[in-house]
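> Chain residues, written in single-letter form:
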Amino acid sequence: MALLEVNNLHLSFGGLQVLHDVSFSVEKGEIYAIIGPNGAGKTSILNCLGGFYHQQKGEIAFAGDDISHISPDRRAASGLARTFQNIALFRGMTVLDNIKLGSHVHLKTGLLGAAFYWGGAHREEMKLRDEIEDEIIDFLEIEHIRKQPVSTLPYGLQKRVELARALAMRPQILLMDEPVAGMNAEETEDMVRFILDIQEERDLTIIIIEHDMRMIMDISDRIMVLNFGRKIAEGSPLEVQRHPEVIRAYLGTKK
Amino acid sequence: MRIGDYKESYAADEAVFVTSTSRFWLGVLFVMLAIFPFMAGEYLLYMANITGIAIVAALGLNILTGAAGQISLGHAAFVGIGAYTAAVLTNRFGLSLIVCLPLAGLVSAFFGVLVGAPSMRMKGLYLCITTLAAQVIFEFFFVHWESLTGGIRGLNIEPPTIFGLDVGSEFGFYWVTLVVVVIAATMSRNIFRTRVGRAFIAIRDRDISAELMGINLFRYKLYAFAVSSFLAGVAGCLWVNHLKSITPEHFPLHESIRYLAMIIVGGLGNILGAIYGAIFMTLIPEVLQTILKFFEGYFPQAMAYLYPLQTVVFGLLIVLFLVFEPHGLAEMWCRVKAYFRLWPFKH
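Residue numbers (our numbering), protein chains in the order written: chain U, 30 to 284; chain S, 14 to 360.
In isolation and in its complexed conformation, chain U is listed as follows (with noise of 0.2 Å):
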């Protein structure tokens, strides 16, 4: 069985049909990419998988369980983490504190433990460092910035803080909007060499949106191509660059 299954997703803003009849699933520890032209409805599909946006019809299941009207803290709970195409970091905080967030869903410490921090909260608190020392900041690089806010950071490493906070959140899915969206060379070959990694390593299922071609064909299983709201194609790379509907989609069609 699928480790997600999204089943005939309608999704509309009054008169706008931003999602028409699309369904898929994402196997087990498979690169599963959504691309499309700009307004597609790809952003709008993770949106939907969050618990953000309430589809109209249509059922999402995960892990074989129907998340279609759970609240958006719950799905996250449950092993669906996102990040953003546009950075949506805590800019207030440090690098180390919002990575500390991706992990609230499993810290247990409540109000009153917090206000005395004996104890319990201090235990899991100096656990879950340890935690994210070995398993997040040294696997991602970023040692060297990790008490500076986020705000003063440059936006490659902005990215890969938002990894960072994603993977601390334990997740069986990871929704990636753009990864790589305005980085120069060197920046996206980092980041999907960090992206190949989580997989390999981690046994994670990653869903990704992409506009850099080069890459989406490079390190994609499988991908489905989005038009006006409605899935076009599915396969393999290259099935896809194939595909007519794809090409005319991409190109145009001769007059």
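Derived by calculation from the structure, the hints in this document are not laboratory data.
Backbone N, C-alpha and C define an ideal beta-carbon position, used for all residues, glycine too.
You may find that some hints are simply not true.
[As the list claims (entries may be wrong)] Reference listing, derived: stretches of chain U covered by chain S, where coverage requires no fewer than 3 residues with Cβ under 8 Å from a Cβ of chain S:
| # | segment |
| --- | --- |
| 1 | 105-115 |
| 2 | 119-126 |
| 3 | 143-150 |
| 4 | 153-163 |
| 5 | 248-262 |
Since chain U is already given, all that's left is putting chain S on it; use the hints.
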């Protein structure tokens, strides 16, 4: 000069007072705070006490407004609820100050959660208006629920005692205030070392992505309201035990705005900021008055015109702060420290 970090464990890195130098100065501060009441006169002790009470209230507001980003115009009303609760508990049930402090906080926290409930649906200015409504409603109750609050004449209470010790004098009460301030500041700081404080800041910075991180927005907003009004209630309990009387006039809207000014001048979302701001807002009017008194001997005529200027100068100081130091006194202090860290070198 500090030239590097020599920490060997993450626990050392997470400590609040990281270096032995900062721990040393903290020790010096406590020694000075302990010596102070023996040197100071009645007036200075009175100032210290009202400053301490303002610090506790400002710490509360800074958690709600500074950290969690929910602007409140009703903070004085929560201080008032704490004060009336303490007065009623003392007069009718004969409870001692030690018991009253947490109880006043809890009652105030209960009302704080009630007022915070609309935050599920509203944010920003709209929520701000609900807290303004709370301020007006609670003030109305203070005036008109005469059987409980004594109406506009207010309530008087006996000088408080702790374990049989009379702490009604300025000198005795100084120790009570000091202990409460230290506990309140420690607890506030602790909250921001855990996931609760991080969630508050996340809600302020970007509530949508906070929710997608798995933070239950409504619950954490209510937590912020609860903590904030708890501290306000504790401050209210101190207030009534210090002055030994209260009337509704002690908790008007402009008192709420004064608390907001404290945290803005001090530094929003910063524990030290709340402390600096409360000290600044309480002491500066007194300092201005002292300066004017000094000149009065030389220019008795001019002073008649200059006295009303106090308020203007005070307002001007706040405006200048916002222009030149928008992050408050706490930020200024950080820069001074950073400068001396490298001193005498420039970079």
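> Against each hint, give a clear statement of whether it holds in the structure.
So, going through the hints one by one against the coordinates:
| no. | hint | in the structure |
| --- | --- | --- |
| 1 | 105-115 | holds (count 4) |
| 2 | 119-126 | holds (count 5) |
| 3 | 143-150 | holds (count 5) |
| 4 | 153-163 | holds (count 6) |
| 5 | 248-262 | violated (count 0) |
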